[in-house]
Amino acid sequence: MNNPHHLNPTSLKSRFTTRFLRALTKIRAQKPISSSSPTEIFRRYRRIKVAADKSMAYSVRSRRIWSRAMLWKLRSRSYRRQDPCSGRRSGKTNQAIMKKSSNENTTTRREDGVGFVEEADELRQLVPGGETMNLCNLLDETAHYIKCLTTQVQEMKKIADFYSF
Amino acid sequence: MSGASNKITDDELNALILRLGTLLPQLNHGRHGRVASSSTTKILKETCSYIRRLQKEVDDLSERLSQCLDSMDITSSDAEFLTNLLQQ
Chain R
1 MNNPHHLNPT SLKSRFTTRF LRALTKIRAQ KPISSSSPTE IFRRYRRIKV AADKSMAYSV
61 RSRRIWSRAM LWKLRSRSYR RQDPCSGRRS GKTNQAIMKK SSNENTTTRR EDGVGFVEEA
121 DELRQLVPGG ETMNLCNLLD ETAHYIKCLT TQVQEMKKIA DFYSF
Chain S
1 MSGASNKITD DELNALILRL GTLLPQLNHG RHGRVASSST TKILKETCSY IRRLQKEVDD
61 LSERLSQCLD SMDITSSDAE FLTNLLQQ
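Residue numbers (the UniProt record's numbering), protein chains in the order written: chain R, 1 to 165; chain S, 1 to 88.
Among the hints, erroneous ones may be present.
Estimated spans, in silico, between C-beta atoms of each pair [what the hints assert, rightly or not]: (1) S:D60 / R:E131: 23 to 31 Å; (2) R:S37 / S:L13: 46 to 54 Å; (3) R:R43 / S:N14: 44 to 52 Å.
Treat the hints as calculated values from the structure; they're not laboratory data. Cβ atoms here follow ideal geometry from the backbone N, Cα and C, with glycine treated the same way.
With the hints as extra help, turn the sequences into a complete structure.
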């Protein structure tokens, strides 16, 4: 079965790990003098988490709706920090993502007769960009998202174990 | 507007749900992921809790990494060695 969205585990893993290690090095270099305050520790934890999600999204690039949605979210977040007037631009980009995902399969949420609308909506909240997806895309994106998440967790665990000794 | 080509068939839907089921550790009872007996609702519910669990693990690992960040001295040669090690 030739799946164009086939996950190559080796290269996805190495792309993620390389990016993530690079980001960790940068975060470590940014350490201020008062690095033991709880605010600093929290800030660092946030930065690491964002770096992890970002590294995975960049490793998938724009091949997936969820990765595009996550990249947009991460970019608009950093824009908003620098420029408070970027609200309008974010709205436009969101529309572009929505149009792109709904064009691919125009079936709407026609869950007539099948009783899992609630569960599907819950899933939409968890998968990046899920709110814009129809059911078919949602299920497809979810499978890929789960695979990437497990890779992300595996690699982060290896790094944490490596530096815990 | 041709409705036929745009509608998801029940077969496609089932296939997608089944595939999700094979990814879930709880439902995968070993051999070949006998998820035929699990309802769609159950699979979706398990999927949601699995994703939540994974996202929480990312959180916890980020916290762990923030604590041992000090002991990380990643030189460029270390990074290469580490990347190779991690690829196993």
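Now for the hints, and whether the structure bears them out:
no.	hint	verdict
1	S:D60 / R:E131: 23 to 31 Å	holds, 27 Å
2	R:S37 / S:L13: 46 to 54 Å	holds, 52 Å
3	R:R43 / S:N14: 44 to 52 Å	holds, 46 Å
In summary, this structure violates none of the numbered hints.
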